[in-house]
Every structure is written in structure tokens, then in C-alpha cells.
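Visitor: All chains, full assembly: derive it from the sequences and hints.
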Amino acid sequence: MSLVQTSPHGTRPAPTPSGGHIVQFDEDEAALCDEVARFLGEGLAGGERVVAILRRSRHGAVATRLAARGLDVEEAGRRGEALFLDAAETLAEIMSGDAPTRERFERTIGPAIGPGPAGGKPVRAYGEMVDLLWAEGKRTAALHLEQLWNGLCDANGMSLLCTYLLDGFVKASDGEAFGAVCAQHDVVRPASGVGEELCCDRQRREVAMLQQRARALEAEIRHREELELALRDALARLQQSEEALQQSLRISETFVGVLGHDLRNPLMAITTAASLLERLADDRQRKPIERIRGSATRMSRMIDQILDFTRIRTAGGFRIDREEVDSVEVARSVADELLAVDPGCRIDLTCTGRTIGAWDGDLLGQLLSNVIGNAIQHRRPGTVVRVHIDGAGDASVVVSVENQGAVPAEVLPVLFEPFRCRSDRKSARSSGLGLGLYISNQIVRAHGGTIAVESSEAIGTRITLSLPRVGSAACKPERSSAARR
Amino acid sequence: MSTKIVLIVDDEDSIRESLAEIFEVEGFRVLEARDGREALAHLGAAERPDVVILDLVMPVMSGVELFTAMQAEPAWAAIPVIVSTSDPSKAPSGVLLMRKPVNVDRLLDAVRKLC
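Chains as they are written, first to last, in this note's numbering: chain Z, 24 to 508; chain A, 62 to 176.
Bear in mind the hints are in silico, worked out from the structure with no lab data behind them. You may find that some hints are simply not true.
Stated by the list, open to error - Which chain A residues face chain Z? A few, computed with CB under 8 Å, are given here: (1) Thr-129; (2) Ser-147; (3) Met-159; (4) Pro-162; (5) Val-165.
As the list claims (entries may be wrong) - Derived Cβ-Cβ restraints for the label pairs, each shown as a range: (6) Z/Ala-259 - A/Lys-151: 33 to 41 Å; (7) A/Ser-63 - Z/Thr-473: 49 to 57 Å; (8) Z/Ser-318 - A/Glu-126: 29 to 37 Å; (9) A/Glu-126 - Z/Pro-431: 50 to 58 Å; (10) Z/Gly-428 - A/Lys-151: 37 to 45 Å.
C-beta atoms are modelled at their ideal positions from N, C-alpha and C, and glycine is treated no differently.
Guide: Next up, the structure:
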């Protein structure tokens with residue numbers, strides 16, 4: 024079953040002897056003007072009266088081609104043998120809203136066409152109004168206008184030529200619309216003179232349909248080529264971005280290298296000189312020397328934190344080297360270090376159950392040092408920091424670190440965010456970068472654990488770390504101990 | 062008890078000289094070297110160090126090269142080495158590692174334990 028037969032607009036009956044309603048499809052503007060000039064020229068040469076309703080822009084091209092055939096359009100017009108009308112103006116006359124009406128069509132086109140052979144010369148008409156409507160996307164209106172033309176053709180037996188550029192049917196989905204246009208015509212002429220030798224109308228229609236499909240395929244290929252080009256451009260841009268990113272990464276690595284290695288030597292020169300001075304100084308000099316050492320130590324800690332932060336951001340987190348670790352031993356060692364720095368503080372370390380797990384020992388030390396150090400720093404003066412390690416559970420060891428003093432309500436939701444105290448430096452008691460708890464959270468996450476905080480003026484602040492033991496944690500006799508430090 | 066000898070190998074004058082004075086104040090005898098080659102000269106002398114404090118990144122002969130040379134010579138292989146470095150990833154295995162800036166008190170403790 025062909026598309027022509029399935030068209031909702033029906034198929035025209037067999038052509039009338041005079042030629043009937045013809046549709047000519049064309050590849051381009053020049054070919055279209057050639058066909059129009061040939062059609063009109065044959066009419067004028069044969070003594071027919073011609074009526075051409077065409078775009079103003081094509082008037083000159085058609086007239087020139089007719090002149091080349093020895094036909095003077097203006098002279099024919101003066102003799103009443105030719106009438107040229109502007110398609111846009113004429114279309115405006117017959118339209119009501121988005122559709123042409125029969126009444127307006129007959130009132131406008133009827134007088135231009137005249138009574139037909141019975142009242143004078145045979146008429147040969149050419150019209151582009153349908154193509155204008157088609158180009159504007161008003162396809163239903165175009166097909167309706169074709170039907171109005173059919174009525175006129177049937178009434179006065181004239182020959183009527185319509186032309187369409189194949190560019191109006193470039194999508195694969197245009198096939199049905201193309202079939203509908205063909206169905207409105209007695210004769211279908213494929214583009215480029217293809218199929219002229221065919222005497223069978225059905226074959227010419229099929230050739231035209233194949234041309235439309237070929238045009239749609241060409242358009243699809245062009246579209247895909249454009250997409251491919253765009254994809255290549257996008258890939259090239261992506262590659263450039265990647266190169267820029269690599270460059271940025273190299274600069275970042277250099278920066279980290281400078282921060283991590285090159286700054287440590289002068290920092291060590293400061294701390295070593297301060298240590299030497301401390302040994303040689305009298306009591307009055309000891310305090311400023313201690314300040315130098317303290318500041319250098321703080322700067323060293325900041326460098327470590329920035330390096331950790333950079334590592335987290337660039338490598339996606341910490342790399343864990345698991346080994347069997349006793350969390351109590353690590354906590355005890357951390358407490359000793361913190362007490363050495365701040366001998367005035369008190370840390371109450373207790374534990375229950377099995378406190379061993381497969382963790383990264385260095386990172387666990389860093390984690391506990393951050394969290395307990397943070398509790399010491401923010402405790403209410405004179406109060407104890409309590410650290411309890413609960414190894415009662417099979418799956419995880421839970422470490423809780425408590426201090427008196429509440430975290431401000433507005434800080435609580437962002438406590439584990441990086442650089443959280445940078446915007447509040449005047450009021451913050453922290454002397455660091457605001458990275459300690461962020462890094463702690465990352466260490467816990469790298470171990471597959473969780474970190475949580477509760478805080479209020481009534482209960483103080485409690486940070487709870489849950490660390491999965493992960494597999495090979497050794498089974499040792501359960502113990503319970505308390506050590507006041 | 063004889064005075065223990067510490068060899069400090071570091072190309073940073075300010076670090077090496079301050080450390081040397083601290084160790085002297087703390088009762089040690091100190092040998093200094095700016096690079097691995099100078100350190101080799103001390104190792105080859107009659108007065109051999111009891112402990113080596115070794116920086117890794119140095120001109121002429123690096124800390125890793127010196128450590129390798131020490132391991133190849135039985136008389137030196139037994140001398141304890143403490144690596145003091147800003148880049149622990151470059152440290153050879155089997156040494157006591159301290160990251161710069163090193164805590165001097167801990168360094169002293171470590172040296173006392175090793176002597």
C-alpha cells in the first residue's frame with residue numbers, strides 16, 4: 024500500500040485530457056524557475072492564456088527565462104494573454120485567519136482565471152501560494168488550498184502547475200505529508216526531470232516519494248555529520264579542559280610540594296633554634312621562647328592539615344593501611360602527648376570490652392589527637408575531658424569524647440565542614456584553620472565509620488566515633504579498666 | 062660512661078648548627094656534615110659516631126645514598142640512623158623516621174635510647 028493511497032486527503036482521479044492539476048518537485052530555485060518558465064512558455068506558445076501567481080522574488084527569474092524563449096511577458100500582459108500576480112498579496116486576500124476560505128478563493132482567483140475554454144482561450148495557471156503556506160508550516164491550510172484549486176480545475180478544465188522545493192520535506196517524518204500533497208494532484212513530476220520517460224503515473228509518484236526519502240536521508244546524514252563535528256569540537260574542548268586541569272594539578276602538586284617539604288626546613292630551623300635558646304635562657308626569656316616554639320608547632324600543624332585537605336580533595340580521601348591496633352593504647356599515647364603540651368588539663372580515659380580493630384594506626388592517632396585536642400581547647404576552664412572507649416559491640420568500637428561547654432547552635436550543623444571558623448575568626452577560640460574535625464570526619468569515613476556530635480549547655484559536648492573493627496580484629500579476653508590521667 | 066658521639070648530617074646550616082649546640086648542651090659530642098660525602102669522611106675516621114641523625118635531600122651525596130653506603134659496609138651498618146626529613150616517602154626502610162620540624166625533646170629521647 025503506497026502512502027498516496029493512505030493519505031487522509033484522498034487521491035485525485037485520473038488526469039483530465041487538458042493536463043489537470045500538476046505538482047512539480049524541484050531540488051533548487053533555478054530548477055524550479057526553469058520548470059515554471061517551460062510550463063508557462065508552452066502555454067503562451069500554444070495560444071493559451073497564462074496566469075502566474077508567484078513570489079515577487081521569482082518574477083524576474085521567470086520573465087528572463089521566458090524572454091530567452093522569445094516570449095515578452097509584458098507584451099503578453101498588455102494583450103490579455105498573461106497575468107502575473109504576487110503570491111503573498113493574493114494569499115492574503117484568500118486567507119481568513121490561518122486557513123483559506125472557498126468564498127475568498129473564488130472571489131479572488133475566479134476573476135483572474137476567467138470562465139475557461141467555454142468562454143475563451145484555454146487557461147494554464149501556475150500557483151505558489153500553497154508552497155508559501157507549506158514553508159510557513161501551515162500544512163493543513165496548504166492542503167485545503169490544493170483542494171480549492173482542484174475544484175476550480177474541475178470546473179473549467181484548466182491546467183494548473185504547483186511547485187514545491189524538496190527542502191520542505193527533509194525529515195523522515197515528512198513522508199506522509201509528501202504523500203498527502205501528491206494525492207491532491209493529477210500528475211506528479213519528480214525533481215530534476217527524473218522519471219519523465221515513465222508513462223505510468225504510479226511509477227512517477229513512487230519516484231517522487233523515493234526522492235523525498237533520499238532528501239530526508241541526505242538531511243539526516245548532514246545532521247549526523249553536524250552532530251559528529253559538534254561532538255569532535257566538544258571532545259577537543261574537553262581535551263583542552265583536561266590539559267588545563269592537568270596543568271592546574273601540576274601547579275597544585277608543586278604548591279603542595281613547597282608547602283609540604285620546602286617550608287618544613289625553615290620551620291625546623293625556628294623550632295630548633297628556640298629549643299636551643301630555651302636551654303640557654305634565664306627565666307625571663309623562657310616565656311617568649313615558648314611562644315616562638317608554640318607558634319612554630321601550630322604552623323607545622325596547619326601545614327599538615329592543609330596537606331591532608333589537599334590529599335582528600337585531590338585523591339578522594341585517605342588511603343588506609345590497616346593493621347591490628349588497640350585503640351586504648353593509641354588513645355593513651357595521644358593523651359600523653361596532649362598533656363605534655365598542656366600539663367594543666369585533665370583527661371579521664373576509660374574503656375570497656377575488646378578495644379582492638381583493624382585500623383590505620385597513624386590515622387587513628389591523628390583522629391583521636393584532633394578530637395581530644397579539640398575537646399581540650401574548647402572545654403570550660405578547669406573541667407575534665409572524658410574519653411570512653413566502648414568495645415562491647417562485635418562489629419564496632421565506639422569512642423566518645425566529652426567536654427563541658429557547648430558548641431554554638433549555628434556552628435553545630437557545619438561542625439565537620441572545612442574552614443568553618445574562617446568567617447568567625449574574631450570570636451572563635453580556635454587557633455587553627457578549622458580543618459581538624461573535617462579531617463577527623465574524613466578519617467572516620469575512610470574506615471567505614473561514622474562520627475556524630477551532641478551539644479548543649481546542660482550536657483556539654485560529646486563527639487562519638489563509631490569505628491568498624493573490620494574482619495581480622497583479634498579476639499582477646501574482654502577487659503574493663505579505668506585510668507585517670 | 063664515655064661521652065656519646067652524634068653525627069648530624071644536614072645541608073641546612075641553621076638546623077645542623079642549632080641541633081649540634083643542643084646536643085652539646087645535653088652532654089653529647091657532636092660531629093657535623095653538610096652532605097653524605099662529608100659524613101663518609103667522619104665514618105671513616107677513628108672516632109666513629111654512636112648515632113647518625115640524617116637528612117635525606119642534600120647536594121653532592123643524598124641521605125639515601127649515604128644510608129645505602131653504610132649498609133654496604135659492615136662496620137657502619139650497625140650504627141643506628143635516625144632520619145629527619147620533610148618527605149618521609151623517600152626514607153629507606155629500617156630506620157627511625159622523624160618528620161621535620163622534629164620535636165627536639167623526642168629526638169633527644171630517641172638518641173639516648175639508641176646510644
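Visitor: Compare the structure with each hint and give your call.
Guide: Do the hints match the structure? See the list:
1. For the restraint placing A/Thr-129 at the interface with chain Z, the shortest Cβ-Cβ distance is roughly 21 Å, beyond the 8 Å limit, so the hint is violated.
2. Contact between A/Ser-147 and chain Z, as hinted, is supported at the beta carbon level, the nearest pair being about 4 Å apart and thus within 8 Å.
3. Taking 8 Å as the C-beta cut-off, the interface hint given for A/Met-159 is violated, the closest approach to chain Z being about 10 Å.
4. Hint status for A/Pro-162 relative to chain Z: holds, with the closest Cβ pair at about 4 Å, below 8 Å.
5. The beta carbon of A/Val-165 comes within 4 Å of a beta carbon in chain Z, closer than 8 Å, and the hint placing it at the interface holds.
6. Remark: the range hint 33 to 41 Å for Z/Ala-259 to A/Lys-151 is upheld by a beta-carbon distance near 39 Å.
7. Take A/Ser-63 and Z/Thr-473: their Cβ atoms lie about 56 Å apart, and the range 49 to 57 Å holds.
8. Checking the proposed 29 to 37 Å range against Z/Ser-318 and A/Glu-126 shows it holds: the Cβ atoms sit about 35 Å from each other.
9. The hint said 50 to 58 Å for the Cβ distance between A/Glu-126 and Z/Pro-431, and at roughly 54 Å that hint holds.
10. For Z/Gly-428 and A/Lys-151, the hinted distance range of 37 to 45 Å is satisfied, since their beta carbons lie about 43 Å from each other.
Hint compliance for this structure: hints 1 and 3 are not met, and every other hint is.
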